[in-house]
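Trainee: Construct the complete structure from the given sequences, taking the supplied hints into account.
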Amino acid sequence: MRFDDVFWRDLDLIDLRSREVERPHGWIETRAPAGWSTARVEAWLDWAARQPADLPNLAHRMTGLESIEDVLDGGVAAFARRTAAWGFACGAFESAGEADRFAREVAASILLGLAAPAESPADGARRHPVAGDPIAPAPPVARLSLDDPDFETQMSRRRAEARAERLTRSALDLLRDRLSEVTAAVRRCEGDPAACADPARNPALARAMRAAREAGADDEALAAAVTGETGMTGAASAALRLEPVLADRTLVEASSLSARALAAASAETGALTLVFSADDAEALDRLRAAPRAALDLSALVSGEGEADLERLRAVTRLWVTVLDIQAGCAFHVEAEAARTAAALRPACLSLAGLGRAAVLAGVGYGGEPGAAWAMGVQAVMDAAAWSASAELARRVHPFVEWPAERERLIGRLEAARETAAALPEPFNAAADYAAALKAAARTGLRNAQLTGALDDAELTLRLGGAAPGAQPWPGPKGVFETGDGELFQGLTFETSALLRRHDCDVQAAERRLLGRRIVSGSALLDLERLRAEGLTDHEFDLLDQAAQQVDSLEALFHPAVLGRGFCRDVLGLELGDDDVLARLAPEADRAALSAEIFGHPDFHGWNGAEALPPALLSADDLAARQIMIRALEVFTDAPVVTTTQLAADQRDDAAVRLQAQAARAGVRSVRLYRRPAPAGALFELPPEREAPARPAAAEPSEPRVVEKVIERERRRRKLPDRRKGYIQKASVGGHKVYVHTGEYENGELGEIFLDMHKEGAAFRSVMNNFAIAVSIGLQYGVPLDEFVDAFVFTRFEPSGAVTGNDSIRSATSILDYIFRELAVSYLDRQDLANPEPGGDRDGFAQPAVEGEEAAVPAARFISKGFARGSAPDNLVVLPFGKKEAAPAPRPDRPTAEVCPACGDLTLQKKGAGWECDACGAAPMMSG
1 MRFDDVFWRD
11 LDLIDLRSRE
21 VERPHGWIET
31 RAPAGWSTAR
41 VEAWLDWAAR
51 QPADLPNLAH
61 RMTGLESIED
71 VLDGGVAAFA
81 RRTAAWGFAC
91 GAFESAGEAD
101 RFAREVAASI
111 LLGLAAPAES
121 PADGARRHPV
131 AGDPIAPAPP
141 VARLSLDDPD
151 FETQMSRRRA
161 EARAERLTRS
171 ALDLLRDRLS
181 EVTAAVRRCE
191 GDPAACADPA
201 RNPALARAMR
211 AAREAGADDE
221 ALAAAVTGET
231 GMTGAASAAL
241 RLEPVLADRT
251 LVEASSLSAR
261 ALAAASAETG
271 ALTLVFSADD
281 AEALDRLRAA
291 PRAALDLSAL
301 VSGEGEADLE
311 RLRAVTRLWV
321 TVLDIQAGCA
331 FHVEAEAART
341 AAALRPACLS
351 LAGLGRAAVL
361 AGVGYGGEPG
371 AAWAMGVQAV
381 MDAAAWSASA
391 ELARRVHPFV
401 EWPAERERLI
411 GRLEAARETA
421 AALPEPFNAA
431 ADYAAALKAA
441 ARTGLRNAQL
451 TGALDDAELT
461 LRLGGAAPGA
471 QPWPGPKGVF
481 ETGDGELFQG
491 LTFETSALLR
501 RHDCDVQAAE
511 RRLLGRRIVS
521 GSALLDLERL
531 RAEGLTDHEF
541 DLLDQAAQQV
551 DSLEALFHPA
561 VLGRGFCRDV
571 LGLELGDDDV
581 LARLAPEADR
591 AALSAEIFGH
601 PDFHGWNGAE
611 ALPPALLSAD
621 DLAARQIMIR
631 ALEVFTDAPV
641 VTTTQLAADQ
651 RDDAAVRLQA
661 QAARAGVRSV
671 RLYRRPAPAG
681 ALFELPPERE
691 APARPAAAEP
701 SEPRVVEKVI
711 ERERRRRKLP
721 DRRKGYIQKA
731 SVGGHKVYVH
741 TGEYENGELG
751 EIFLDMHKEG
761 AAFRSVMNNF
771 AIAVSIGLQY
781 GVPLDEFVDA
791 FVFTRFEPSG
801 AVTGNDSIRS
811 ATSILDYIFR
821 ELAVSYLDRQ
831 DLANPEPGGD
841 RDGFAQPAVE
851 GEEAAVPAAR
861 FISKGFARGS
871 APDNLVVLPF
881 GKKEAAPAPR
891 PDRPTAEVCP
901 ACGDLTLQKK
911 GAGWECDACG
921 AAPMMSG
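Numbering-wise (full-length UniProt numbering), the sequence shown opens with residue 1 and increments by one.
Because the hints were derived from the structure by calculation, they are not lab data. Since the structure is predicted, the reported quantities are computational estimates derived from the model, not experimental observations.
Below are the EDC-like pairs computed for lysine to aspartate or glutamate, each with C-alpha atoms no more than 16 Å apart in a straight line:
1) Lys729 x Asp806
2) Lys724 x Glu748
3) Lys729 x Asp755
4) Lys718 x Glu751
5) Lys758 x Glu797
Mentor: Here is the structure:
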């Protein structure tokens, strides 16, 4: 492969400055591009520190990278040199000079911000690139599928394992922190080392040890922590967690039981990826062995909105070569991944910064224009990638399993050529696909798959925030860093370029987004009143300075800004931090004041939004992202795996909805992940009350019973003005009694009225007031059970047989009858009822024909007046609605009857006759 100095000659345009960066072992001095943030530089240094450093035997000494040996601590030069050395050893280059030129181009493309590789293990398993080790056949794949009858059980097990792993990780993190505090308590101590390591003489060490014990540390771990040896390090790097699950799209759209189980397990583990075809499942399996890299598309679009497609083709060709060499010389955590890399040489090259590039190009994110533009750019990159693969196959040889994959790959390229032919210029990549097809038919292809996209936070950070795949536009404003390391907010490059391109008022847009960042000139604050409160020019200067550094009203109007002495002595405030804001801005609209000082998040709702280019108003919701994913997936080998995140407090129903929505949107893969809980506590627990210290008693005291009286506020529950209930007429011992009830909306008893006829005025008044007292007790929350237990079986006249009631046949008093009736009707106390033998306990008449039960008109139980005639006349109560028959009385507890001689409920059947236990009478009774 031959490469020209396309990117190396542009390296002079980059200002490589020396800067000091803090590392775990101290501060280092290195060179990096001037426009890169400290976080981006640190991410590259972390990547460089974990890269493999092996070289092939007899590797020639690379030349031409001397000028960048000190850039990013030499990591970029080392990566380019190693890749070129292994490529030359494997025959990718004809001469050492071509390998040197290739290394320079790789290093320059990284420093120009055009590309970045993903991290790979520093050691592990691999098939040697040069030795020619034999490749074992691929083992059969046991794939997860929604059609598996045991799928729901498997998902439940996966979910439980993920929870256990998360809890274990949290416990280990807590234990590691507590042991580190033990070590720090010893190191901070000044004095005799033996005393510092003794918890009896070092109070800080004793507190740290108690906290570590509460976290689960044993004394052996504590002893090791005192000496500074915790023995707990970070976990080793693991393989790419990407397990495909094959499913029918219609089942997922309908949220079947298996799909619901998958959504719950996927959100919990974050490792299950739902796909809808066997080819996509196999492509995801191959991604575990594929080296990955991303090309920053936003760096290839000019300020005028033109995408440099020739530069895109050049950087694609360059990095397909890089990834192919990495497929041969990279290490893998799993042995099966090493076998797949040697046999198929898969790679994953993706576009990054799609949202930024689409806005800068003026097409916007989401919608038809943005989707069409993204599809065209992806087609150009994909066609260039396969052309480079065919060129590599001609230079070296096709991948080992090319004969078995030939038909599939030829069909894939032919379908891509036909689809690309319909794209408009300059995105018509049909000619590039045709060239790749012609070369593939003659010499084969070097890689089984090339393009795709995966979420990678570290890769995104190394590209300056340009995320691989279809991540949305981050918004019109961003955070920038000055030369001395201070952070500030400002308009992004694409926002400023688009505003200037359309002759928009950039300063007005800045005021809208960034706010005025001053308090002394606010139009929403009563400045005269603030001066009357005691604020002087000095305090206003303090607020203006703080407004440049904070982003919320709570942080701006804080006692730490104005000084706690000023807040106490001048404003007269003593307590919480929110008192300052409430005192100085009580009448202001908080949202409007925050927008005036700190700005708005975007242009939506602005009066001048109609003059803005539509791209600046692009939607960045989930639906827009799925539109862009579908556009990219037309020209990718593997699905665009973009994780859909759920909030920490969103549960299974939200996961099921998002999964079904993605399936309906037509994307090729769905991956869910629940974000971990924030650092703070989700629940505010009340403070634990400390028990007061108990004075030591001189001698043991006798145990005491202490009662604690807790008074609760009692409120009377009013009944509705129009209430339901019933009236029961009955006769107790020949005395008529009318019981009226009133109910709440839920059917609970709320009041009773008692009417008796032909009784004395005093007795009737007592009964009426008794009913009022019971009603008031019910409305204040006294349970009906308490009244029932208190008044049943009370004995006084009148008493005896009860007529007119289908449940109560005898009573020992009027109160006994009343509360029996209420207990049966409202508490289902059938033990207090004594219906006639063979009668219906619900009061329904016996069926006219034996073996048949007739329906009863509902008008017998529903008040037409209460329903205001809204109840239909043809409503009936079916017989299957009646209650079950009460269980037969136990033989050892015979049922008592009313004695006709004394009136007590003590008449028992003994032998063949009856005998009263109270008076001893033995009347003759029939039946």
